[in-house]
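Engineer: What follows is each chain in one-letter form.
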Amino acid sequence: MELGLPNLEEFGRTLVRLGQADRDVLVVTSDSRGSAKLVQFGKTLPEQIVEVGIAEQNLVGISAGLASTGKKVFAVSPACFLTTRALEQIKNDVAYSDNPVKVIGISAGVSYGSLGSTHHSLHDFAALRCINNIDIVAPADNFETRAVLQAAVESPRPIYIRFGKQPMHNLHAAGTKFEVGKAITLMEGGEATDVTYIATGEAVPVAFFAAQQLAKEGVACRVISMHTVKPLDKEALFHAATHSRALITVEEHSIYGGLGGACAEALMEAGISLPFKIVGFPDEYTVTGSQRDIFRHYGITPEGLAKTARKLLG
Amino acid sequence: MSLSVQELEIKSNQYRQTIFTIIKDSGAGHTGGSLSCIDILNVLYNNVLRVSQETFADPDRDRYIQSKGHSVEALYTILADRGFFPLAELETINNYRSHFVGHPTRKVNGIEQNTGALGHGLSIAVGMAIAGKKDQRDYKVYTLLGDGELAEGSSWEASMTAAHYKLDNLVVIIDRNGLQITGTTEDVMGLEPLIDKFQAFGYAVRTVDGNDVAALNALFAQAPFEEGKPSLVLAQTVKGKGISFTENAVVWHHHVPTDGEYALAMQELAQASQKLLEPAPIQESV
Numbered sequence: 001m002e003l004g005l006p007n008l009e010e011f012g013r014t015l016v017r018l019g020q021a022d023r024d025v026l027v028v029t030s031d032s033r034g035s036a037k038l039v040q041f042g043k044t045l046p047e048q049i050v051e052v053g054i055a056e057q058n059l060v061g062i063s064a065g066l067a068s069t070g071k072k073v074f075a076v077s078p079a080c081f082l083t084t085r086a087l088e089q090i091k092n093d094v095a096y097s098d099n100p101v102k103v104i105g106i107s108a109g110v111s112y113g114s115l116g117s118t119h120h121s122l123h124d125f126a127a128l129r130c131i132n133n134i135d136i137v138a139p140a141d142n143f144e145t146r147a148v149l150q151a152a153v154e155s156p157r158p159i160y161i162r163f164g165k166q167p168m169h170n171l172h173a174a175g176t177k178f179e180v181g182k183a184i185t186l187m188e189g190g191e192a193t194d195v196t197y198i199a200t201g202e203a204v205p206v207a208f209f210a211a212q213q214l215a216k217e218g219v220a221c222r223v224i225s226m227h228t229v230k231p232l233d234k235e236a237l238f239h240a241a242t243h244s245r246a247l248i249t250v251e252e253h254s255i256y257g258g259l260g261g262a263c264a265e266a267l268m269e270a271g272i273s274l275p276f277k278i279v280g281f282p283d284e285y286t287v288t289g290s291q292r293d294i295f296r297h298y299g300i301t302p303e304g305l306a307k308t309a310r311k312l313l314g
Numbered sequence: 001m002s003l004s005v006q007e008l009e010i011k012s013n014q015y016r017q018t019i020f021t022i023i024k025d026s027g028a029g030h031t032g033g034s035l036s037c038i039d040i041l042n043v044l045y046n047n048v049l050r051v052s053q054e055t056f057a058d059p060d061r062d063r064y065i066q067s068k069g070h071s072v073e074a075l076y077t078i079l080a081d082r083g084f085f086p087l088a089e090l091e092t093i094n095n096y097r098s099h100f101v102g103h104p105t106r107k108v109n110g111i112e113q114n115t116g117a118l119g120h121g122l123s124i125a126v127g128m129a130i131a132g133k134k135d136q137r138d139y140k141v142y143t144l145l146g147d148g149e150l151a152e153g154s155s156w157e158a159s160m161t162a163a164h165y166k167l168d169n170l171v172v173i174i175d176r177n178g179l180q181i182t183g184t185t186e187d188v189m190g191l192e193p194l195i196d197k198f199q200a201f202g203y204a205v206r207t208v209d210g211n212d213v214a215a216l217n218a219l220f221a222q223a224p225f226e227e228g229k230p231s232l233v234l235a236q237t238v239k240g241k242g243i244s245f246t247e248n249a250v251v252w253h254h255h256v257p258t259d260g261e262y263a264l265a266m267q268e269l270a271q272a273s274q275k276l277l278e279p280a281p282i283q284e285s286v
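So the protein lines, in turn, are chains A and B. Here the first sequence stands for residues 1 to 314, where the numbers follow the numbering used here. Here the second sequence stands for residues 1 to 286, where the numbers follow the numbering used here.
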């Protein structure tokens, strides 16, 4: 499987293309154009970038005002600050006021792993899931990145998209369809699937490689890229849960309130019960190190996820 | 068509009666702040803003963002009078599923943005003003902030941006009534010297008696006050203005009038109205 670009890099490249095609596309940054891979955008389309300095609340409020006039606005800032410092602006000025800002959380999850918890965003899904009128997407690879940005630029709905910094494997076959709110099945486990992994964002390839390992042992696996955490694709979830012996969710997020929580809520309410495990970050001071180090510490590796599956299957 | 100063004064008196009535009838509202800012809204909506029910979707319309969203009764009153919706609809304020809620929302015809959490309106207005510059449209963006609201740091973030981008299409108005829910602004969190602060943040600052419609009318006509700078109107107002016992009284921040208080207020406003309608005394020729 070919290694692609970091999703952030793909984001920067895609935005140049979208900006060239439509002069109403604007990027608003909080001294974050370098981190967001938007230097080229700023050079190519200087009239379409608005710098607000290190001021995330102002970033989102200004973006809402711009969007209210019909501009297609990407409000870009590190996910850790954007979805905490500016949460009230996202709630009121974007979601409640229905200004279709594309809220872009860069270097999400533990992309800034060694910088400590101030720079981790392991709360963003949970914080935004309980806010009405904003979709939440974590693309797994360059294809999902391009596809969600194209969808966002055309959409009249507010959306939050988070990106990481590591090069990502190209997971999808040519011709794959993408739609916000529709999961993509990466590996079919058949009617008698042993374990289904439902993962989102940068955890998706880890789940995929775990499934490849297990398949060699004769364990039938299904892998779903649940790029959209909200609205959750319940149809894909229920189908997987009723055709699998066990289900594991994987995310670069707290085990509370994210993808796993969303799946658990939906399954319980639908009366579907099966061996189930939420893999993510436990409720403790998160260890520091590289993203890879931290993933390994919490068992988000192919080996770790395979082990979790074996344990769950008994 | 502009209203004369006398016509504006008569309107302000009528608006005060409406504000007091809808707060009394709905059993909730922000009396003091609505009465302090109503003269500003009167002049803006009747003589300054290029916006009407017919042009509300026009991309070239002037925009008004009420950052001090809690004074929504003043906004509802002026919008009803300007024909954005029938006055009778205000009878539903705060009712179950009424879209006339206690803070502005876009569900009400004529309202640009949902506000209510303080410290948000100026950033939104700055965004609209930047868009106007980028698209070379000649609309202006007006936003009204409370003085207590200035403790919110986001207002100062937005002020920096307004000056940085030379937004002379932005007019920021401060309803400087000097009171907030707990007491005077200077006791709760000192704001002075405000003029110096706003000048230091890059505004072209003008002070005005914010309850004097003639002065407001003359001042707004001069905006932008300086080319390349955002304009700031420091409107010195009286909280609870127009009714003797609500003026400068902290308790009237969101006190709902009793029957007795209501009757007394209406009596005072009717007397003031009578005075406004009296013909000017004829000058005796020498």
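Please keep in mind that the hints were generated in silico from the structure rather than gathered at the bench. A hint or two may mislead.
Keeping only pairs whose Cα atoms sit at most 25 Å apart, straight-line, the calculated DSS-like set for lysine-lysine is [claimed, not checked]:
| id | chain 1 | residue 1 | chain 2 | residue 2 |
| --- | --- | --- | --- | --- |
| 1 | A | Lys43 | B | Lys166 |
| 2 | A | Lys91 | B | Lys166 |
| 3 | B | Lys275 | B | Lys229 |
| 4 | B | Lys133 | A | Lys43 |
| 5 | B | Lys107 | A | Lys43 |
Engineer: Now look at each hint and say whether the structure bears it out.
Structural biologist: Status of each hint after checking the structure:
Between Lys43 of chain A and Lys166 of chain B, the direct Cα distance comes to roughly 22 Å. Compliance with the 25 Å bound is thereby established for this hinted pair. A hinted pair counts as satisfied when its Cα atoms are at most 25 Å apart, and Lys91 of chain A with Lys166 of chain B does not qualify at roughly 28 Å. As the CA atoms of Lys275 of chain B and Lys229 of chain B are separated by approximately 41 Å, the hinted pair breaks the 25 Å bound. As the CA atoms of Lys133 of chain B and Lys43 of chain A are separated by approximately 20 Å, the hinted pair is consistent with the 25 Å bound.
This hinted pair does not check out: Lys107 of chain B and Lys43 of chain A have alpha carbons roughly 40 Å apart, beyond 25 Å.
This entry does not satisfy hints 2, 3 and 5, going by the numbered hints stated previously.
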